[in-house]
Amino acid sequence: MASELRVNTLKDASGNNSIATSVVFNGSAKAWATCSTNPSTVTRDSYNNASLTDNGTGDTTFTLTSNMVNDDYFFGTCHAYYNNSYPRTTGGVRSVDYLTTSTIRVEQNYNSTFGSAETYEDTYAMGYQMQGDLA
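End of the sequence shown sits at 136 in our numbering; the numbers just go up one at a time, nothing left out.
No lab work stands behind these hints: they were computed from the structure. The beta-carbon is built from N, C-alpha and C at its ideal position, and this holds for glycine as well.
Computed Cβ-Cβ distance ranges for the label pairs, DEER-style: (1) Asp72 x Leu11: 26 to 36 Å; (2) Asp55 x Gly16: 44 to 54 Å; (3) Thr42 x Asn17: 41 to 51 Å; (4) Thr54 x Ala30: 17 to 27 Å; (5) Tyr121 x Val25: 30 to 40 Å; (6) Ser4 x Gly57: 44 to 54 Å; (7) Thr44 x Val24: 23 to 33 Å.
Hey, can you work out the whole structure from these sequences and the hints?
What follows is the structure, given as structure tokens:
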């Protein structure tokens, strides 16, 4: 027999720090992951992330465990590559054409000087997060 719990507000064990369940549902990240693509491709920790695929230097696809309802979700990415003791923390989605309900494809890139061509690189620390509606 299935059961259902219906509540409007959640509180901690002491009865303090209340929060509406709508905030938890609507405001929480629906998927996130941290990984490394240098020296090898490995997921460090994640939520709602089934796998990642190394498509080549600086090009990674994350596959979700549970799909999004559409491809209009919000996402954020960041990566850090340590070279000569300074981090570069830029990066982004390769193209909105690469956003689907089940995957997000991310590039790790940086511009070495203003106006120069982008350089793609594998990184020691990289991650993404997504907000939106799950299917």
